[in-house]
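Novice: Each chain, written out:
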Amino acid sequence: MGALNERKAPAPPEDTVAELNLRLLKLEHRFQRERAARLHAEAIAEKGLRDLYERQQQLVLLETIATVANQSRSVEETLRVAVRAVCDHTGWSYGNAYRLATAGPPRLTPADVWHAADPDRLAPFIALNQQAEFVAGQGLPGRVLGSGRAAWIADVAEDDNFPRADAARACGLHAAFAFPVLVGHDVLGVLEFFHREPVSPDEQLLGVVGQIGTQLGRVVERRRAEDKLMHDASHDPLTGLPNRLLFVDRLERAVAAHRRRSELGFAVLFIDLDRFKLVNDSMGHAAGDDLLVQIAGRFGRVVSEARGADAAPLVATLARLGGDEFTVLLEDVGGEAAAIELAEALQETLRRPFQIEGQDIFTSASFGVASCAAGYAGADEIMRDADLAMYRAKAEGRARIEVFDQSLLADAKRRLATETDLRNAVRNKEFILHYQPIFALDGERLVGFEALIRWRRADGEIAPPSDFIGIAEETGLIVFIGQWVMQEAFATLAAWRSAYPEAGPVTMSVNVSPRQFHQPDFVGQVMAAVRSSGVDPSAVRLEITESVTIQDARRTKSILDELRAQGVRVSIDDFGTGYSSLSYLQQLSFDTLKIDRSFVTALKGAGGEEIVRTILDLARSLEMDVVAEGAETAAHVEQLREMGCGFAQGYFFARPLEREAAAALLAAASTPDPGAD
Amino acid sequence: MKGVVFNLLEEAVVREFGPDVWDDLLLRADLSGAYTSLGNYDDEEILALVEAASAALNLPRAEVLRWFGRRAMPILKERYGAFFERHASSKSFVLSVNSIIHPEVRKLYAGASCPFFHFREDAAGAVSMDYDSSRRMCDLAHGFVEGAADLFEETVDVSHAACMNHGDAKCVMEIRWAR
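The listed protein sequences correspond, in order, to chains U and Y.
First residue of the first sequence: 132, per the working numbering; consecutive thereafter.
First residue of the second sequence: 756, per the working numbering; consecutive thereafter.
Simulated from the structure, these hints should not be mistaken for laboratory data.
The C-beta atom is built at its ideal place from N, Cα and C for all residues, glycine as well.
Take the hints with a grain of salt, since some may be wrong.
[As the list claims (entries may be wrong)] Below, a list of computed lysine-lysine pairs in the DSS-like style, where the Cα atoms sit at most 25 Å apart:
1. Y:LYS757 <-> Y:LYS925
2. U:LYS178 <-> U:LYS157
3. U:LYS178 <-> Y:LYS862
4. Y:LYS925 <-> U:LYS735
5. U:LYS544 <-> U:LYS560
6. U:LYS525 <-> U:LYS408
7. Y:LYS925 <-> U:LYS178
8. Y:LYS757 <-> Y:LYS862
9. Y:LYS832 <-> Y:LYS757
[Unchecked claim] Just a few of them, taken from the derived set where beta-carbon distance is under 10 Å, the chain Y residues facing chain U:
10. ARG770
11. LEU782
12. ARG783
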């Protein structure tokens, strides 16, 4: 307004001193106003420039930390960069980081990350902080932990919640601030900074460091997520134990370490629970899982308490490979002794029953041990061998500890090769039948044959059943082989009957394996073979060993009854070698009893005759025919005939014969004799 | 040279001798005299003004600079009080020049070439201050130290142990505060 008035004022009519003075005064006022305005404008501009500068510096700081936070995979490295960058940005003397303790009561512990422009001068304070711990509310870091917010102390010497005041003052530190590393509302760490001089709170700076805390929190969170992914990928979710992936990785490293330094020995334990399937099947999978978790817990305690020869804790990794299979890797052990000792301790811990759904469940495990002594090149080899040893333990009757040796591997390799060959043999029809004649002892008439399988291998060698029936039974190939035997034997019998009708009604015996017998449609398979051959069912004898009958007596009886209803006859084979009780024999209706060759061979010895006589008496009272096996001499035959044994087979009469030779025997016997069988 | 220094000089001259004397100095030095604190002006201009003052007052150039430094301090305090508040003594204030004051200057003037002072403090509390600048204005620094002592109502003695103006490679000032 003043300026306007001046302009409107009329010009003085004449220059008087007074008027000039007045004019000068006004000009001076105008000058003062302009000057004041300039100073004000400069002050505004300076403030703007200062703010802009600080803002830019803060952006540089945030960018520095954002860059490392995005690139670095290490929390520690990111913290280090952040502490350094905040010190550089603020010009403060010292920055230090704490992390939330992962174990024990919630508190902050040193993260071993700090920066100081002049560490020598601050050495006592830095050393103190490397040992310091803070619970929520305690001191500057504790305040931040408690509130989840940044805090500022203008001068630590005048703060009543700063336990380190004396040490800080001794190092010439006064102002301090701290901010949290935040994930959501959780404080995972705290960064604190100190300055040589007292400084009043800078809200803008606190805002910036708050953002830094959030950035750092993201790094921690990402790292945690990565760690969790890694953990999940390498651990069994049910028991929390390392899984196969992690176990194999550690084993590979142990193998490599042993190759570098042979004194770094290791051993592997394979553990398979005995009859775990029973729990799963009878009580359900939840019960099975519960049992596995409890077993993992007991095993874990045993492994962690295990001590080596020098009483030092063993370096051991307990893992769950899957199902009911556990493994332990022992590192830095001399050999298998430590593994055997541990296996014994693990076995011992299974002796107490497990409480599953209110029931006491007893379990045991089979253990296989393999050690570095065999000079392994890789984890797969040692795992294979420990597994083989474990299978041996199972095969030897469970709840055992077996140590791998080379013969196990040779056995396994041989079995595997045989299995492959056997599969080819089934496909290529490499089997043949030999026929051993059976004679009636009154008059020594030919009454039948027992079909015996042979394997004519690719190299022309004829392999006896003992070489391959076990594996065929194990692999299930026996079902195919057994079916072929029936078809072939019955067809042969049909051909012979039409070729030599005068030879009389001879029978054909075939051996039936346990697995074959327990096929769901066994009777149907037998009858199909009988029908397609056209033989009379009553000419067929199925030879069944005692081991077949004891598995499930009721079912065995129903199958036998069904077969007999169809006219097929059944024999109990190798009688006396199994465990069958007399009551079984009475329950199950067999037509024929075959005395095992061992009793015939022992006829001459002490008590030999009594045993055979007892068997014969038994058969007689059960109204069964008896065929003695292994009749090798005239004396055998004479003795058996005298004791009233009806039939016999053995080298005295004939070895098992090829088809043509057997046919020739039939041709020779082709004199009509209606009283046969 | 930063405009603020011209402003300070003008303020000091006007306060002590009045605005006409400042106008005279500008005339003598043949300068326009339009300086804003935010601007940056030729070093020659401040030297010309100091020369003009030296001639007008019949004082050596060094004396003029020292006088200026001493008189500038209260004005600085008026404008930038925050730099002074946190100090209890002029020594503490002087020692903060590198770490606080010059960084603040750089916030306002990107790329400002502030001199760097090396300080050494002896056991008795005396401070030895090295100054190395092509402007050779050690006397201005000397005056600033005296002005700071005035503000904190202290007595200080500054002596030039070495001086670029006397052929030395750098200036070394010994500063002693009276107890």
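Novice: Checking each numbered hint in turn, tell me which of them this model violates, lowest number first.
Specialist: 2, 4, 7, 10, 11, 12
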